[in-house]
Amino acid sequence: VVQVSDLLKTLIVKYNMRRYSDSYVLILPPKSSFEVEYVPPTGLAEIVYSIVFSPPREFDPDTMTVGSELSPLEAQRVGFWRYTQYEKWHWIPLLPSNTREEYPQFTILGGEYGCVDVPVNDTDKYVLVEFTVHVLEFAKKHLDSVLEDVRKFGGG
Amino acid sequence: MEKQIREALKKNKPVIIVSSTGLARVKSSDVLVIRQKKRGGK
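If you read the sequences in order, they're chains A and B.
In terms of the working numbering, the first sequence opens at residue 1 and continues consecutively.
In terms of the working numbering, the second sequence opens at residue 1001 and continues consecutively.
For the record, the hints were derived by calculation from the structure and aren't laboratory data.
For each residue, glycine too, the CB sits at the ideal point set by N, CA and C.
Misleading hints may appear alongside valid ones.
What the hints assert, rightly or not - Distance windows between CB atoms, simulated: (1) B:LYS1011 x A:LYS9: 13 to 21 Å; (2) B:GLU1007 x A:LYS141: 20 to 28 Å; (3) A:PRO30 x B:SER1020: 25 to 33 Å; (4) A:ASP149 x B:LYS1010: 49 to 57 Å; (5) A:LYS141 x B:LYS1011: 24 to 32 Å; (6) A:TRP89 x B:GLN1036: 27 to 35 Å.
Put together the whole structure using the sequences plus the hints.
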């Protein structure tokens, strides 16, 4: 279950944030990858506070049908390279240990803060993956104040 | 949409289906990006 922390609840009320979720479906051919950036609408900033990944599943491009989940040995070769302000470049393999629970996030989007994902399928199969990101949206003019409140919350 | 996906996959192009509010931006033209239209709501 995706939960909103007490800190975020406080920020939602203080800065009139709006919560929503975005869902994505990827169909990745064998040995494929590409780069995705996440760009907030003009005048807005975002906090991504959670991602939920599905297990990778086989996909048949001839019949357009989704098959069974990949085994962990195959699933470790499907995932995302990811970089954000608060995350170093790291590989998120879509193993059961990453897909059976929400993937925690605190990603700021807007201003100097960005996020790049590189979905990768390094198997010899067509693979379907879907994921949902949970987002708080607010006026970009509040971004510095929001980050200052987060620092205070952490005692920094 | 199904036809678009079949054709992309025949060319080994990845496919990403993005919800209408999705923030994802893909620069490469070797990727099929399908942005779902808004259905109802505001």
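Structure-based check of each hint:
1. Between LYS1011 (chain B) and LYS9 (chain A) the Cβ separation comes to about 47 Å, which falls outside the hinted range of 13 to 21 Å.
2. The beta-carbon spacing between GLU1007 (chain B) and LYS141 (chain A), approximately 44 Å, falls outside the hinted interval of 20 to 28 Å.
3. About 30 Å separates the C-beta atoms of PRO30 (chain A) and SER1020 (chain B), a value consistent with the hinted range of 25 to 33 Å.
4. Take ASP149 (chain A) and LYS1010 (chain B): their Cβ atoms lie about 51 Å apart, and the range 49 to 57 Å holds.
5. Hint check: LYS141 (chain A) to LYS1011 (chain B), Cβ distance near 44 Å, so the stated range 24 to 32 Å is violated.
6. Checked against the hint of 27 to 35 Å, the pair TRP89 (chain A) and GLN1036 (chain B) passes, with Cβ atoms roughly 30 Å apart.
Checked against the numbered hints listed earlier, the structure breaks hints 1, 2 and 5; every other hint is satisfied.
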